[in-house]
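Sequence order for the protein chains is A and B. For the first sequence, the numbering used here begins at 17 and goes up steadily by one. For the second sequence, the numbering used here begins at 17 and goes up steadily by one.
Treat the hints as calculated values from the structure; they're not laboratory data. Among the clues, some could well be false.
Pairs count within a copy or across copies, as identical chains cannot be separated in the list.
[What the hints assert, rightly or not] Listed below are the simulated DSS-like cross-link pairs for lysine-lysine, each with C-alpha atoms no more than 30 Å apart in a straight line: (1) Lys313 x Lys336; (2) Lys309 x Lys88; (3) Lys107 x Lys304; (4) Lys123 x Lys332; (5) Lys336 x Lys85; (6) Lys309 x Lys155; (7) Lys336 x Lys86; (8) Lys123 x Lys304; (9) Lys155 x Lys85; (10) Lys107 x Lys313; (11) Lys18 x Lys304; (12) Lys242 x Lys336; (13) Lys140 x Lys336; (14) Lys336 x Lys123; (15) Lys123 x Lys85; (16) Lys341 x Lys313; (17) Lys336 x Lys233; (18) Lys140 x Lys309.
Because the structure is a prediction, the values reported are computed rather than measured.
There are 2 protein chains.
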Amino acid sequence: MKTLQLQDILDAKSRISPFINTTPIVSSSILNDWLGHDIYFKAEGLQKVGAFKARGACNTIAWLIENNKKPKHIVANSSGNHSQAVAWAAKMFQIPATIYMPEYASKIKIQATRSYGATVVLCKTRDIVDAQVAEASAKEGVYWIPPYNHEQVISGQGTAVYEAITEIGDVDAIVAPCGGGGLLSGSVIAAKGLLPNVKVIGAEPKNANDASLSLQKNEIQRLGAKPNTLADGAMTMSVGALTFEYLKRLDAFFEITEEEIVYWTQWLTHLLKLRIEPTSAMSMEAAKQWLQKQQTKKKVLIVLSGGNIDQETTLKIWEKDYLLKNPSM
Amino acid sequence: MKTLQLQDILDAKSRISPFINTTPIVSSSILNDWLGHDIYFKAEGLQKVGAFKARGACNTIAWLIENNKKPKHIVANSSGNHSQAVAWAAKMFQIPATIYMPEYASKIKIQATRSYGATVVLCKTRDIVDAQVAEASAKEGVYWIPPYNHEQVISGQGTAVYEAITEIGDVDAIVAPCGGGGLLSGSVIAAKGLLPNVKVIGAEPKNANDASLSLQKNEIQRLGAKPNTLADGAMTMSVGALTFEYLKRLDAFFEITEEEIVYWTQWLTHLLKLRIEPTSAMSMEAAKQWLQKQQTKKKVLIVLSGGNIDQETTLKIWEKDYLLKNPSM
Numbered sequence: 017m018k019t020l021q022l023q024d025i026l027d028a029k030s031r032i033s034p035f036i037n038t039t040p041i042v043s044s045s046i047l048n049d050w051l052g053h054d055i056y057f058k059a060e061g062l063q064k065v066g067a068f069k070a071r072g073a074c075n076t077i078a079w080l081i082e083n084n085k086k087p088k089h090i091v092a093n094s095s096g097n098h099s100q101a102v103a104w105a106a107k108m109f110q111i112p113a114t115i116y117m118p119e120y121a122s123k124i125k126i127q128a129t130r131s132y133g134a135t136v137v138l139c140k141t142r143d144i145v146d147a148q149v150a151e152a153s154a155k156e157g158v159y160w161i162p163p164y165n166h167e168q169v170i171s172g173q174g175t176a177v178y179e180a181i182t183e184i185g186d187v188d189a190i191v192a193p194c195g196g197g198g199l200l201s202g203s204v205i206a207a208k209g210l211l212p213n214v215k216v217i218g219a220e221p222k223n224a225n226d227a228s229l230s231l232q233k234n235e236i237q238r239l240g241a242k243p244n245t246l247a248d249g250a251m252t253m254s255v256g257a258l259t260f261e262y263l264k265r266l267d268a269f270f271e272i273t274e275e276e277i278v279y280w281t282q283w284l285t286h287l288l289k290l291r292i293e294p295t296s297a298m299s300m301e302a303a304k305q306w307l308q309k310q311q312t313k314k315k316v317l318i319v320l321s322g323g324n325i326d327q328e329t330t331l332k333i334w335e336k337d338y339l340l341k342n343p344s345m
Numbered sequence: 017m018k019t020l021q022l023q024d025i026l027d028a029k030s031r032i033s034p035f036i037n038t039t040p041i042v043s044s045s046i047l048n049d050w051l052g053h054d055i056y057f058k059a060e061g062l063q064k065v066g067a068f069k070a071r072g073a074c075n076t077i078a079w080l081i082e083n084n085k086k087p088k089h090i091v092a093n094s095s096g097n098h099s100q101a102v103a104w105a106a107k108m109f110q111i112p113a114t115i116y117m118p119e120y121a122s123k124i125k126i127q128a129t130r131s132y133g134a135t136v137v138l139c140k141t142r143d144i145v146d147a148q149v150a151e152a153s154a155k156e157g158v159y160w161i162p163p164y165n166h167e168q169v170i171s172g173q174g175t176a177v178y179e180a181i182t183e184i185g186d187v188d189a190i191v192a193p194c195g196g197g198g199l200l201s202g203s204v205i206a207a208k209g210l211l212p213n214v215k216v217i218g219a220e221p222k223n224a225n226d227a228s229l230s231l232q233k234n235e236i237q238r239l240g241a242k243p244n245t246l247a248d249g250a251m252t253m254s255v256g257a258l259t260f261e262y263l264k265r266l267d268a269f270f271e272i273t274e275e276e277i278v279y280w281t282q283w284l285t286h287l288l289k290l291r292i293e294p295t296s297a298m299s300m301e302a303a304k305q306w307l308q309k310q311q312t313k314k315k316v317l318i319v320l321s322g323g324n325i326d327q328e329t330t331l332k333i334w335e336k337d338y339l340l341k342n343p344s345m
């Protein structure tokens, strides 16, 4: 197992550049006034398929083709944005794709995955999903793109932070959410490669705190049951063996409550005028908690991971009104 | 009363350029596939104060200063985005502002108006609001910026369409929502000045169809009571004497139902990953109805007027799930 370096992110960036969006960086002057710090948001909701996941999926297929290993068929397993990302990338490279998804996956994500031309196989449980994708991938010519525990997926996800630093220059800290750890791993590699003194910070739901516990115990911990959190991008049962090695290089890690998730989902939506996934909003609370311990004004980059939310989740987010209480330190 | 020309829009554009955002134009390839036409969206939700209204307010004050008529105090009356726009622009030019708003205005818009440093006076009814602003404006050194019926307000609003055509070139049609008619008036002047053959199309809630009736009867009609519509930017009781003259130059006008408003608010939010006001979503339904009568593929520009929505309205928008039924012609 090689250790990924900044060069792997650079290679990924040049590989995927013709296909993905260089997403904008946005900020809110009023939020910066209220907090007394400069916060920059990398808006990956405006990425292809509405999430950073397009980067890793695209990089993996482009890397296979570059190495003369273009598969005849691609398979993937996910309940979320990775499904759409693989379906989108496979279609672009004209490779048939089959995506295994649990029946409880959001209807809108199933619908979007199909709309990119992939065959969707719905399975009763996540265990069946994982068994079926493993079986399918054993066939000759079939390639399985896992959601995070894969070097080219990680390298692709790291391009978001690489782009951001290239655009805005030095920052004091970078915050990203943790599901399986692919985005954070890529972010650590890119950030520490470019800026040796930068702090890289992770955020996870308190109700799905397997990565936090894993880092505390220095051993991968697995959730016992499907967690109860609005941050559906962070419901992963455990991080991967590969991503765990990069997560160990994080400088801080925060567990975020459901109320904090809803608060920042509402406020970031309101201030930035963007569709903000609850998973993305966690990073803002982590940034705030980190900033509360700082003595001087800081410049922070937050990766807004995506903007895919179904109607049911939207209703839950907006059930109570948090917009009447301004953010403050 | 002079007739505004393209030159007035150009003057406004150079006047306000240092202060406002040149907002991005976005599109959705999947929506274009589904409809068989090319739709471009001018994202004015990403404008200062989250709405195109910043343009008109900024242009009016900058024009006063340019003509050595800098007021000592600015007043305005509005229940919505115009309040925030005047408060923001007045603060920028360091002029004290008092904004008269009805008590029933959205709390978030009152809060935002105050956060820009304006004094907000809440009045029981809209009639009292209008009486108080008239009284206040009679004092020496006080200037009243009305929400739409003003040449410099109209010229400022027209800069959005001017920017868009400059960026994307020729289009077949331009669609914008109608409240008091300021945005549509400015859009007509800019569009017909640049592209003599372009169609300019208006959209209004069926439940607040005063402009539609006014155009049919060729005489300004006034709503009898506060209308019941989610499109709060289009609740204006009547268009203005000035804006009505420009509205007469529209090529088509559509009345949009509440269900159509909710449908497109959900879908544009989902596809574009932007915060979309119900008022903005009306234009998409009008575009669709116009496109249904066309024989060839068209290029359409839609002005997304803003992205300010309170929690209560957000809940109403997402009450039912419209995302399961794809847009189609």
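Legend entry - 30 Å Cα threshold - placement of Lys85 relative to Lys155: For Lys155 and Lys85, the Cα distance is within 30 Å only inside one copy (15 Å; across copies 78 Å).
Inset, instruction - Classify it for me, Lys336 with Lys85: is the Cα-Cα distance of at most 30 Å met within a copy, between copies, both or neither? - result: Answer is neither: 51 Å inside a copy and 46 Å across each miss the 30 Å cutoff.
Inset, instruction - Indicate which option fits the pair Lys309, Lys155 if close means a Cα-Cα distance not exceeding 30 Å: within, between, both or neither. - result: Cα proximity of Lys309 and Lys155: none, with 53 Å in one copy and 51 Å across.
Inset, instruction - Could you figure out if Lys336 and Lys123 sit no more than 30 Å apart (CA to CA) within one copy, between two copies, both or neither? - result: both (24 Å within a copy, 14 Å between copies)
Legend entry - 30 Å Cα threshold - placement of Lys313 relative to Lys107: For Lys107 and Lys313, the Cα distance is within 30 Å only across copies (25 Å; inside one copy 46 Å).
Inset, instruction - With 30 Å as the alpha-carbon cut-off, assign the pair Lys341 and Lys313 to within, between, both or neither. - result: For Lys341 and Lys313, only the intra-copy Cα distance (23 Å) is at most 30 Å; the inter-copy one is 48 Å.
Inset, instruction - Give the relationship of Lys336 and Lys233 under a CA distance limit of 30 Å: within one copy only, between copies only, both, or neither. - result: neither (36 Å within a copy, 44 Å between copies)
Inset, instruction - Please work out whether the CA atoms of Lys242 and Lys336 approach to 30 Å or closer within one copy, between two copies, in both situations, or in neither? - result: both (25 Å within a copy, 26 Å between copies)
Inset, instruction - Measure nothing new, just compare the shortest in-copy and cross-copy C-alpha distances for Lys123 and Lys304 to 30 Å and report within, between, both or neither. - result: between (33 Å within a copy, 25 Å between copies)
Inset, instruction - Evaluate Lys140 and Lys309 at a C-alpha cut-off of 30 Å and name the case that applies: within, between, both or neither. - result: neither (46 Å within a copy, 45 Å between copies)
Inset, instruction - With 30 Å as the alpha-carbon cut-off, assign the pair Lys123 and Lys332 to within, between, both or neither. - result: Both ways: Lys123 and Lys332 sit 16 Å apart in one copy and 21 Å across, limit 30 Å.
Legend entry - Up to 30 Å CA-CA - Lys88 versus Lys309, copy category: neither (52 Å within a copy, 44 Å between copies)
Of the numbered hints given earlier, the model fails hints 1, 2, 5, 6, 7, 11, 15, 17 and 18; all others are met.
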